[in-house]
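Line by line, the protein sequences are chains A and B. Just so we're on the same page, this note's numbering is the position in the first sequence counted from 1, plus 759. Just so we're on the same page, this note's numbering is the position in the second sequence counted from 1, plus 2.
Everything labelled a hint here was simulated from the structure, so no lab data went into it. Quick reminder that beta carbons are idealized off the backbone N, C-alpha and C, glycines included. Misleading hints may appear alongside valid ones.
Said to hold, decoys possible - Sample of chain A residues with no beta-carbon within 10 Å of chain B, all distances over it, derived: (1) ALA1057; (2) VAL1112; (3) PRO1361.
Claimed, not checked - Derived list of chain B stretches under chain A, where covered just means 3 residues or more per stretch with a C-beta under 8 Å from a C-beta of chain A: (4) 57–65; (5) 93–99.
Claimed, not checked - Quick partial rundown of chain A residues pointing at chain B, CB under 10 Å, derived from the structure: (6) LEU890; (7) PRO893; (8) LEU1022; (9) PRO1052; (10) LEU1053; (11) ALA1590; (12) PHE1593; (13) HIS1597; (14) GLN1599.
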Amino acid sequence: MRPTADPIAGYRPRGGVHDEMVDADGSIRDHWSELMNGYRTLGAGELSQREAEIQRLLEQDGVTYNVGGEDGRPDRPWKLDPIPFVLPSEEWSHLERGMIQRAELLDLVLRDLYGERRLLRSGVVPPEMVLADPQFFRACDRITLPSRKQLVVFGTDIVRAADGGWMALGHRAQAPSGAAYALENRRVLSRVFPQAFRRTGVRRLGSFVPALRSALLAAAPVGVDDPSIVILSPGSLSETAFEHASIAAQLGYPLVQGSDFELRNGRVGLRTVGGWVPVHVILRRVDAGFCDPLALRADSTLGIPGLVDACRAGTVSVVNTLGSGVLENAGLAGLMSTLSRQLLGEDLQLESVPSWWCGEPAGRSHVIAKLGSIVVRPLSRVSLEHSIDTERVSRTLLDELRRRIEARPDQWVGQERVSPGSTPVLHDGGFESRPTVLRSFAVADGESYVAMRGGLGRTGSGDVDAPITNRAGASSKDIWVLRSASQSPSPSGSEFLPSDHAVPSAASTEALPARVAENLFWLGRYAERAEATVRLIRTVTARCDEFLDAAAGPGPASLTVVLEALTRLTGTYPGFVGDDAEKLFEDPTDELFSLVVDERRPGTVAYAVRRMFDALDVVRDQTSVDTWLVVGSLQRELERVERRTDDHDAMTRVLSELLQGLLSLSGIASESMVRDLGWQFMDAGRRIERSIHVATLVGTTLGTQRSAPVESLAVESVLVAGESIITSRRRYGSRAVAATTIELLLADAGNPRSLRFQVDRLVDNPAIIGRDATARPTAAATLLDELNLLLTATDFARLAEVDERGHRTQLEAFVDAVRAKLAATSNAVTAESFRRLHAQFTMAGPLRQEQSTAPVGSTRGAST
Amino acid sequence: MIYDVHHTTRYDYNGRVAASFAEVRQLPDDVDGQVCLRRSVTTDPGPEHLREHRDYFGNLTATAVIREPHTRLVVESASTVDTTGRPSEFGTAGRQPWASYTAGRSDPQDLDAFEFSLDSVLIARSAQLADYARPSFPEDVSLADGVVSLCARLHREFEFDANATRVDTPLVDVMSMRKGVCQDFAHVMIGSLRSIGLAASYVSGYLETRPPPGQPRLAGVDRTHAWVGIHVGGGRWIGVDPTNDQLAGPRYVTAARGRDYADVAPLKGVVFTDANESRLTVSVDVEARETA
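With the sequences and hints as input, model every part of the structure.
Written as structure tokens, this is what we have:
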């Protein structure tokens, strides 16, 4: 097969830097040739299609990087370039050795800085450099992990200089991010280019996740044989929420937040729906300062008060240690060679980009002199300052910067500018040269470290000098380390657990955090609400098409009944029951449209879907890839209709699409989820919502008797919206009336859409009625018993009876009673299973110290 | 002198508090020449968990968790301290020219003192503060004389005003107002000393109040107090109180020392509550025992 176009033909490496693919003579380097042959064969057209396929797979997996958008949808899709970063095995081994050596070295530094501080006393590390670092947490002094290594997870940013040599740009030692993205990149790229991947002879990334699991086990407090391990996340709005959920799912440990914790007798544990369970190891994805409002930042609500004290007592281990952020100190980079010789007696294998700490007079004058041609970095990464490329700022800013450095020289570090080596990226169907930096990861492994064989490549924009950060919208690359001739091919089979076959999370057992249970419950309720609302609107729009042109008669009259019910069911007043209802009846299109797409209006489909997303985001580590697939399609569907406001047919199509999506979601819930506690809460939410919906639907449409033809049409609409029309036709033919509808939708235990059916499920749901049969019944169980009794005692045939004023008062009373019980049940579940912590405050009114000789009036101190 | 010190902090809330977490630095130790004979901290309601540790600066610190629901929390510390050994004069210490005491890179062996010459959370060195210190530190003056002079000037030039500042008023504002409470006096003096390269610590503690002549001593009218520790070399520190222009001798009791107030707040905490108002009542009682 002849390629349509050679995608590589036009590739022009940018000059002045090392290009990964093309050498100085312009020919393709050996280790790229196999891959490029493959890409040539595919041709530019096919490559672009595969690029689209990559994007589709990433979206399917819900891979995002949150950057805080203004529209409340901060998720930015993750970008992965179809062209990997290729490295020969020998070259990688060199980098790997260098990275592991750095990890070894920084581990020793970490132990010393929170222990003896010999490095400071001897002056090998200037004391001010560390003592002035806000990430040097004095509260964490002398807290150590029981494992051999204090630094457990480690990330290094590396860059290729113009001469082809490698240099380290910086360290990530708090909670290095990117590893889960690297794993995901590999998963997707190897799936999209299976042949190229095989032919090129790519080495596996190695066992990062199992290694991390072992390292966490090794860090557990002494004497704990079967430690309980969790991942502490700042929440689903965090930049790297995808990664937290993905790592949690792959490790099989629960993803939790600060508010899930509770201290008992000084020990750290989780509040779960099954009670308190101890926690022994916390893999943190929260910056250290925010982890304990008592001992660290008082203004943090993301932390666990008392955590530092528990670490000090040795009853819990935090990984990486709370003090580890000090290793990200920019000044340490310039000391790595010295430290290596001092602490390891070895030469440094992977040099740092040359840098100068301004706290030293020599360093300061050097940096000041070179302002305009170097990069200036704040000492601590966790500062309000950013790195500044002084070649790219104005004269005024430069003067300003000089003043700031001179005012606080110890807070700044100058770093030589490096122009990173370039790699080709696919851009508009052709190859373009872009600067690229790599990040790779190492995990403590007993006496040493094990590195991921590959990592995360990031490419900058077309502008070679612009910073390469995810925030700045960089694209990512998979890193392919090739087998050497002597290395045998890896055995077939998956090298790591892909995310759609994740180990079931421990949170799906009894240790389900209350917050997660609550979100699953509301996921169930909102999914059902969205589905029910879509069904009703669909019924209504179909009827509109039928009857709207008719001036009068039973058709429009029955439509009025259903439109009014729609407003009442969704609570979107005034709508079709307000003063302007008459006008709306004439042309309900705008109102119906709003009920579908208006995300800010409670009661609409879009609002329910948005709430679903929010809930799903929180329980992300427990949901399958399929769920994300559906959710993604729902989101896109709603966005599409937003853009086509006046297309009536489009609306009908969209409603069908939405319904289809929501149906597959309930299909996944019923066919692909284990019936564990989490599922039970979700199902309870769905059942409660459906009960409320069906009871309200019947009550609002049939509460008042209409003329026979109107009621007949109204009944039909109710049965369609209640997904019971077929059964009704089969059972009652054209004799379907209010009475048969009440029977079918409220009383029929065999109809999965009926009220009776929902209540039968609820009274059997262990999450709601309590798992311990011998314990005192829960409030929710008592309420459900009462509801059950009410249903059993009700003579449904009599509910259709009409009083002298044409009202079905018994039906209305019944529906009111049912709704009240259901609302009370939902509240009881919330109170019993999701009990919330109260608002967190700093102990108010800091003590004022006053002058001892001041006149003494009262014994009261100052209060605020 | 032997003192019985009682320090009571009480919070009243307008709603229930589900849990309180507190870090208490009110436990005197054998430092600055004083000897602690007895010390304890209690809470009401009683703590579900109480643990003591020595913090980075060596202060005995109690972490208390109160989990019994409450609308009132009382934290009380009690100690008996023999202060006879606290120096009330420099003596032979600090008699060399002051510049020889500046903490520099030349002597990072003495890391503990060196750290007290650097910036801290609430105190940043500045040219303004150095300028303020300088008139007291001409070239050949001894450390002791310079400190005594600075202390006297501060006492004279700054006005004690309990309402001028808040606990978080920045040092630069205190410098321009020239008003404040003991915390501000201490911060200004520490900042001035650090700005010319000397090591100075923030000391929190208690001072016995003497009743006006002819009046009986009242219980609970004393105050938490703060003063300045001056490093006189070899890990020795001498306490100086700029608020009262005197050395922190045997009438003083050291509770904790750090770089500034933020390191040694007598009580810090986090509460979980639906209440939205709280009233704080602090009472301190420093009672001298009859000496035999």
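So, going through the hints one by one against the coordinates:
1. ALA1057: Nearest chain B Cβ is 7 Å from ALA1057(A), so the label is violated.
2. VAL1112: holds (25 Å)
3. PRO1361: holds (25 Å)
4. 57–65: Holds, because 4 residues of the region 57–65 of chain B bring their Cβ atoms closer than 8 Å to Cβ atoms of chain A.
5. 93–99: violated (count 0)
6. LEU890: holds (5 Å)
7. PRO893: holds (9 Å)
8. LEU1022: holds (6 Å)
9. PRO1052: holds (5 Å)
10. LEU1053: This hint holds: LEU1053(A) lies near chain B, its Cβ roughly 5 Å from the closest one there, short of 10 Å.
11. ALA1590: violated (14 Å)
12. PHE1593: Violated, because the Cβ-Cβ distance from PHE1593(A) to chain B comes to roughly 15 Å (cut-off 10 Å).
13. HIS1597: holds (4 Å)
14. GLN1599: Cβ of GLN1599(A) sits 6 Å from chain B, so the hint holds.
Hint violations for this structure: numbers 1, 5, 11, 12, all remaining hints satisfied.
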